[in-house]
Amino acid sequence: KNEVEQSPQNLTAQEGEFITINCSYSVGISALHWLQQHPGGGIVSLFMLSSGKKKHGRLIATINIQEKHSSLHITASHPRDSAVYICAVDRGSQGNLIFGKGTKLSVKP
Amino acid sequence: DAGVIQSPRHEVTEMGQEVTLRCKPISGHDYLFWYRQTMMRGLELLIYFNNNVPIDDSGMPEDRFSAKMPNASFSTLKIQPSEPRDSAVYFCASSLEGGLWINYGYTFGSGTRLTVV
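Protein chains in written order, with our numbering: chain A, 573 to 681; chain B, 2 to 118.
Careful: at least some of the hints might be erroneous.
Interface residues of chain B toward chain A, partial, derived using beta-carbon atoms under 7 Å [stated by the list, open to error]:
1) F109
2) S111
3) G112
Read the hints as simulated data drawn from the structure, not as lab findings. What you are looking at is a predicted structure, and each value in this text was computed from that prediction instead of being measured. Where is the CB? At the ideal position from N, CA and C, for every residue including glycine.
Just chain A, with the same shape it has in the complex (with noise of 0.2 Å):
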C-alpha cells in the first residue's frame, strides 16, 4: 500500500465547476504539499501545510491531521486549471517529500 493515495486519478470537470481532489496517507508527517504539475511539466508549489486550512485565489486546501487527510478545492474551475495535482508528506523537518501519484484533472470549456 503506497503511503500517500489520492483520489481521484484522474478527473474531468466542465468550467465553472466546484473541483475536490482528496489525499490520505499512512505516515506520521510534519507537513502536507499540494504540488502541481503543468502540462509541460513544470512543477509549482501551491501550499504546505500543518494544519487547519489556507486560501489562494480559487484554491483552498484543508487538512485533517487526525483522520490523515487532506483536500485541494478549486472553485470556479476554469481551462487553465488543467494540470496534474500532486500531493506530498514530509516526515520529518528535513523536506525530503513523499509524494502521491498525482490527480489528472482536466477542466473542459
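Since chain A is already given, all that's left is putting chain B on it; use the hints.
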C-alpha cells in the same frame, strides 16, 4: 532570483554513456533535493543535501548513480553507465530550513528529461 536552474532541459544519450545533470539552487537555500519522475513510479526522492552535505541517499537506485554538491550554488547528479530504464524526468528542488515553519520556500527546477537509447 531566477529560481532553481537545471541543465540541460533535454538529454538524449546512448546506453553505456555517462550522463551529468546539473542544478543551481536558489541563493540562500540550504536544502537541495534530487527527484526522479517516471510514469510507473511517479515522483521519487533520490537524495538530498543540507548545507552541501548529503543527508539521505537511500533513494539512489544503484551505484551507477552519484550526486555531489561541491558548493552551495551547484549540484550534479551523475549516471555512469546509463541504461534505458534510467529514462525519466529528473527534478532538482531547493528550500530554506527544509521548507517548513519559518519560510515556505520549496521550489522546483524545470527538470531534465533524460532519454537513454
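Satisfaction of the F109 of chain B interface hint, Cβ to chain A closer than 7 Å:
Because about 4 Å separates F109 of chain B from the closest Cβ in chain A, which is inside the 7 Å limit, the hint holds.
Does S111 of chain B pass the interface hint, meaning its C-beta sits closer than 7 Å to a C-beta of chain A?
holds (5 Å)
Checking hints one by one. Is G112 of chain B an interface residue toward chain A, by the C-beta closer than 7 Å rule?
holds (6 Å)
Hint compliance for this structure: no hint is broken.
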